[in-house]
Amino acid sequence: RDCLLVVGDRDETAMAGMLELSLDAAANGRCISSLAFAYDDARRIVPFALPQPEHRRRQADLQRMMDAPAYSLQKELLEKIHEANQTDIFVASYRVFEENDGSGRQFSLATWTRDVDTSLPKADRIAFVVPKDEGDADMVVADWDKAVAVVAELMEQEPDFYPPRFRVRDFPSEAQLRQLA
1441 RDCLLVVGDR DETAMAGMLE LSLDAAANGR CISSLAFAYD DARRIVPFAL PQPEHRRRQA
1501 DLQRMMDAPA YSLQKELLEK IHEANQTDIF VASYRVFEEN DGSGRQFSLA TWTRDVDTSL
1561 PKADRIAFVV PKDEGDADMV VADWDKAVAV VAELMEQEPD FYPPRFRVRD FPSEAQLRQL
1621 A
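Going left to right, the sequence shown walks through residues 1441 to 1621 as the numbering used here numbers them.
Don't take each hint at face value.
Straight-line alpha carbon distances no greater than 25 angstroms define the calculated SDA-like cross-link-like pairs of lysine to any residue that follow [claimed, not checked]:
(1) Lys-1562 / Ala-1621
(2) Lys-1562 / Arg-1497
(3) Lys-1562 / Asp-1528
(4) Lys-1572 / Tyr-1602
(5) Lys-1562 / Ala-1482
Here are the computed distance ranges between Cβ atoms for each label pair [claimed, not checked]:
(6) Phe-1537 / Phe-1601: 17 to 25 angstroms
(7) Phe-1530 / Arg-1497: 24 to 32 angstroms
(8) Cys-1443 / Asp-1481: 24 to 32 angstroms
(9) Trp-1584 / Phe-1477: 21 to 29 angstroms
(10) Ala-1524 / Ala-1478: 39 to 47 angstroms
(11) Glu-1452 / Ile-1521: 26 to 34 angstroms
(12) Ala-1489 / Val-1570: 37 to 45 angstroms
(13) Ser-1613 / Gly-1457: 43 to 51 angstroms
(14) Gly-1457 / Asp-1528: 43 to 51 angstroms
(15) Asp-1464 / Asp-1573: 42 to 50 angstroms
(16) Glu-1596 / Asp-1464: 33 to 41 angstroms
(17) Glu-1614 / Phe-1477: 43 to 51 angstroms
(18) Ala-1621 / Val-1447: 36 to 44 angstroms
Treat the hints as calculated values from the structure; they're not laboratory data. This structure is a prediction, so every number in the text was calculated from the model and none was measured. From the three backbone atoms N, C-alpha and C, an ideal C-beta is built for every residue, glycine too.
Sequences and hints are given; from them, build the entire structure.
Structure follows, in structure tokens:
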């Protein structure tokens, strides 16, 4: 809140440093936004797309770091509201994981379970869970954008939520799950 990081829009080394400082700040609860801005030709402040894929990846890591506690608090409050209203809606968690390939890359994941009315956070990936007998389950994991392309009609964005959530009352068909696999 008391720090503004400024670098040149062509200085990629400085951009990398700015991102690392931002991640440090976010780890200490002091980050307000993961967005970058620049001046356009008319000297207006506009969103700036970081040019390097590695910089965009670190910026996405920063956004996940900021979203995780926001979604956690949101989940806690929504569960209290649903309990008070005696509404049976599962408020899905937003979880952040690291890839198993040693790259240090992160991704967020939310779970959508068959026959469960759910408030789903927007995550990098969705785990579609089909419970089976004896506590076992089948699971299909898909990237958010791919999932939305296949099952958008089953997702209703919940108004006025930040970070965003989607209400999912129905579950994808077997054909849709095969598309997502």
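We went through each hint and held it up to the structure:
no.: 1; hint: Lys-1562 / Ala-1621; in the structure: 19 angstroms, holds
no.: 2; hint: Lys-1562 / Arg-1497; in the structure: 17 angstroms, holds
no.: 3; hint: Lys-1562 / Asp-1528; in the structure: 20 angstroms, holds
no.: 4; hint: Lys-1572 / Tyr-1602; in the structure: 34 angstroms, violated
no.: 5; hint: Lys-1562 / Ala-1482; in the structure: 34 angstroms, violated
no.: 6; hint: Phe-1537 / Phe-1601: 17 to 25 angstroms; in the structure: 23 angstroms, holds
no.: 7; hint: Phe-1530 / Arg-1497: 24 to 32 angstroms; in the structure: 31 angstroms, holds
no.: 8; hint: Cys-1443 / Asp-1481: 24 to 32 angstroms; in the structure: 28 angstroms, holds
no.: 9; hint: Trp-1584 / Phe-1477: 21 to 29 angstroms; in the structure: 25 angstroms, holds
no.: 10; hint: Ala-1524 / Ala-1478: 39 to 47 angstroms; in the structure: 46 angstroms, holds
no.: 11; hint: Glu-1452 / Ile-1521: 26 to 34 angstroms; in the structure: 45 angstroms, violated
no.: 12; hint: Ala-1489 / Val-1570: 37 to 45 angstroms; in the structure: 38 angstroms, holds
no.: 13; hint: Ser-1613 / Gly-1457: 43 to 51 angstroms; in the structure: 48 angstroms, holds
no.: 14; hint: Gly-1457 / Asp-1528: 43 to 51 angstroms; in the structure: 49 angstroms, holds
no.: 15; hint: Asp-1464 / Asp-1573: 42 to 50 angstroms; in the structure: 48 angstroms, holds
no.: 16; hint: Glu-1596 / Asp-1464: 33 to 41 angstroms; in the structure: 38 angstroms, holds
no.: 17; hint: Glu-1614 / Phe-1477: 43 to 51 angstroms; in the structure: 46 angstroms, holds
no.: 18; hint: Ala-1621 / Val-1447: 36 to 44 angstroms; in the structure: 42 angstroms, holds
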